[in-house]
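Student: Using the supplied hints, reconstruct the complex from the two chains, each of which is provided in its own coordinate frame.
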Amino acid sequence: AQSVTQPDIHITVSEGASLELRCNYSYGATPYLFWYVQSPGQGLQLLLKYFSGDTLVQGIKGFEAEFKRSQSSFNLRKPSVHWSDAAEYFCAVGVLLGNQFYFGTGTSLTVIP
Amino acid sequence: DAGVIQSPRHEVTEMGQEVTLRCKPISGHDYLFWYRQTMMRGLELLIYFNNNVPIDDSGMPEDRFSAKMPNASFSTLKIQPSEPRDSAVYFCASRGTSGGEGEQFFGPGTRLTVL
Numbered sequence: 001a002q003s004v005t006q007p008d009i010h011i012t013v014s015e016g017a018s019l020e021l022r023c024n025y026s027y028g029a030t031p032y033l034f035w036y037v038q039s040p041g042q043g044l045q046l047l048l049k050y051f052s053g054d055t056l057v058q059g060i061k062g063f064e065a066e067f068k069r070s071q072s073s074f075n076l077r078k079p080s081v082h083w084s085d086a087a088e089y090f091c092a093v094g095v096l097l098g099n100q101f102y103f104g105t106g107t108s109l110t111v112i113p
Numbered sequence: 114d115a116g117v118i119q120s121p122r123h124e125v126t127e128m129g130q131e132v133t134l135r136c137k138p139i140s141g142h143d144y145l146f147w148y149r150q151t152m153m154r155g156l157e158l159l160i161y162f163n164n165n166v167p168i169d170d171s172g173m174p175e176d177r178f179s180a181k182m183p184n185a186s187f188s189t190l191k192i193q194p195s196e197p198r199d200s201a202v203y204f205c206a207s208r209g210t211s212g213g214e215g216e217q218f219f220g221p222g223t224r225l226t227v228l
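The listed protein sequences correspond, in order, to chains D and X.
The opening residue of the first sequence carries number 1 in the numbering used here; numbering runs sequentially from there.
The opening residue of the second sequence carries number 114 in the numbering used here; numbering runs sequentially from there.
Bear in mind the hints are in silico, worked out from the structure with no lab data behind them.
Hints may be right or wrong, so weigh each one.
Per the computed footprint, the stretches of chain X lying under chain D, defined by three or more beta-carbons under 8 Å from a beta-carbon of chain D, are [claimed, not checked]:
#1 150 to 159
#2 215 to 222
Pair by pair, the computed Cβ-Cβ distance ranges are [what the hints assert, rightly or not]:
#3 X:P167 / D:G28: 24 to 30 Å
#4 X:K181 / D:G16: 48 to 54 Å
#5 X:G129 / D:W83: 40 to 46 Å
#6 D:R22 / X:S200: 29 to 35 Å
#7 X:N164 / D:W83: 40 to 46 Å
#8 D:W83 / X:E131: 41 to 47 Å
#9 D:S84 / X:P174: 32 to 38 Å
#10 X:P183 / D:P40: 28 to 34 Å
#11 X:K191 / D:D8: 34 to 40 Å
#12 D:T55 / X:E131: 47 to 53 Å
#13 D:T12 / X:G209: 34 to 40 Å
Restricting the straight-line Cα-Cα distance to at most 25 Å, the calculated cross-link-like pairs of lysine to any residue (SDA-like) are [said to hold, decoys possible]:
#14 D:K49 / X:G141
#15 D:K49 / X:D169
#16 D:K49 / X:P221
Just so it is clear, CB atoms sit at the ideal spot from N, CA and C, and this is done for glycine as well.
Chain X with its partners taken away, still in its complex shape (with noise of 0.2 Å):
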């Protein structure tokens, strides 16, 4: 398996600009999770799905933020209108039914700096 992959690795761009996330999770998992890492606030919990539907949005930062898992395979994180304090490395996880001690999977992080 090519483990969780996330896309665009960098992404740069201006403030007010629209920002989309990618991410698609280890095939057969049923939650995927997105979080966000600063230095200042170290790894949060954004969001996460189970099963393609929502179950916690809590630690969205505000209404700027969404995130859809329209398949199995794939989700989206957007950023409309983007501002230099999003910028972070966001990374999506996957994690399998397999009982609370089955661990999350991490993509390799989208680096996202807004100017």
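Bound-form chain D, shown alone (with noise of 0.2 Å):
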């Protein structure tokens, strides 16, 4: 069965300090993967995404994400984090087309001066 994990429930970090959020995915076959982050109170948005090609995918907002195939894992990166950075972020896996979407739990940043 499909599945993600994403390991850290909550992570706290310093303003300007770098960034890493674990994704790990339980797929046969290649993934679509995503991330997506939640502000409170807001629906989900993309931050980006990897389907095939380069595995460094650069996205909004100065994030990057790195596929590992032998790791089964998308970690998402961030060299300096703003303070605005702060919310929740999730990890997908879009099998079947991108019709199915499992997401992870979720992990939610905390962003300290």
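Tutor: Structure below.
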């Protein structure tokens, strides 16, 4: 069965520090991979996606993610975190031509001054 | 484009009442999805439509839940009768037919509280 694991429920980083959010997936083939961000009281906004090609993908707001097939991972990174990045981050796997999305449980990011 | 529109944004009702959540997808999108988000279970896919036809409703929790899509620009999710455990944020998302890499665009959600 397909699954997505985000092992870190909550992460706290200082503003200006680097960030890495972990995501591991379980799927028999190469999935379509997504990272979404959810601000309090808001819907989900797409940060970036991977479906083929270069395994390092760039997204909005200075985020990037790297697909590592050998590790079944798609970790999200940002070199310097801003206070406005505080939010909930969700990794998702799209299967069946992207019609079935499986979301991880999310990682809550707190940014301290 | 205004994005995916959901109404109401907040709904408070009493146990046993009927609740109807509404969604307007992005114009031109062929797929529409309903999700439920709770602290305990995270984001769960309830049902999705393609060209107004329900394709997979295996995530619908029980018969009290029903969803319709009478046309390409409107969908409803109905709970009858509602129960306190239905309290959650319900999201609608839509997606165009652009292959597997097409992302889903989410609405702002409806926060449902059943007392």
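Student: Now, for every hint given, state plainly whether the structure supports it.
Tutor: Cross-check of the supplied hints:
1. Counting residues of the stretch 150 to 159 of chain X whose beta-carbon sits less than 8 Å from any beta-carbon of chain D gives 3, enough to reach three: the coverage restraint holds.
2. Remark: the stretch 215 to 222 of chain X is confirmed as covered by chain D, as 8 of its residues place a Cβ nearer than 8 Å to a Cβ of that chain, reaching the required three.
3. At roughly 26 Å, the beta-carbon separation of X:P167 and D:G28 lies within the given 24 to 30 Å, and the hint holds.
4. One distance hint, 48 to 54 Å for the beta-carbon pair X:K181 and D:G16, holds here, with the actual separation near 49 Å.
5. In this structure the hint that X:G129 and D:W83 lie 40 to 46 Å apart at CB holds, the actual value being about 44 Å.
6. Range check, D:R22 to X:S200: Cβ separation about 30 Å, and the 29 to 35 Å hint holds.
7. Roughly 43 Å separates the CB atoms of X:N164 and D:W83, a value that falls within the hinted 40 to 46 Å.
8. The given range of 41 to 47 Å is respected by D:W83 and X:E131, whose C-beta atoms sit roughly 43 Å from each other.
9. Here the CB-CB span from D:S84 to X:P174 is close to 36 Å, well matched to the stated 32 to 38 Å.
10. The hinted window of 28 to 34 Å between X:P183 and D:P40 holds, with their beta carbons roughly 33 Å apart.
11. For X:K191 and D:D8, the Cβ-Cβ distance of about 37 Å falls inside the hinted range of 34 to 40 Å, so the restraint holds.
12. Evaluation of the 47 to 53 Å hint for D:T55 and X:E131 yields a pass: the beta carbon distance comes to about 49 Å.
13. Taking 34 to 40 Å as the suggested C-beta distance range, the pair D:T12 and X:G209 conforms, at roughly 37 Å.
14. Distance restraint check for D:K49 and X:G141: the Cα-Cα separation of roughly 21 Å lies within the 25 Å cut-off, and the hinted pair is therefore satisfied.
15. At most 25 Å may separate the alpha-carbon atoms for a hinted pair to count; D:K49 and X:D169 meet this at roughly 24 Å.
16. For the suggested pair D:K49 and X:P221, the alpha carbons sit about 20 Å apart, so the restraint of at most 25 Å is met.
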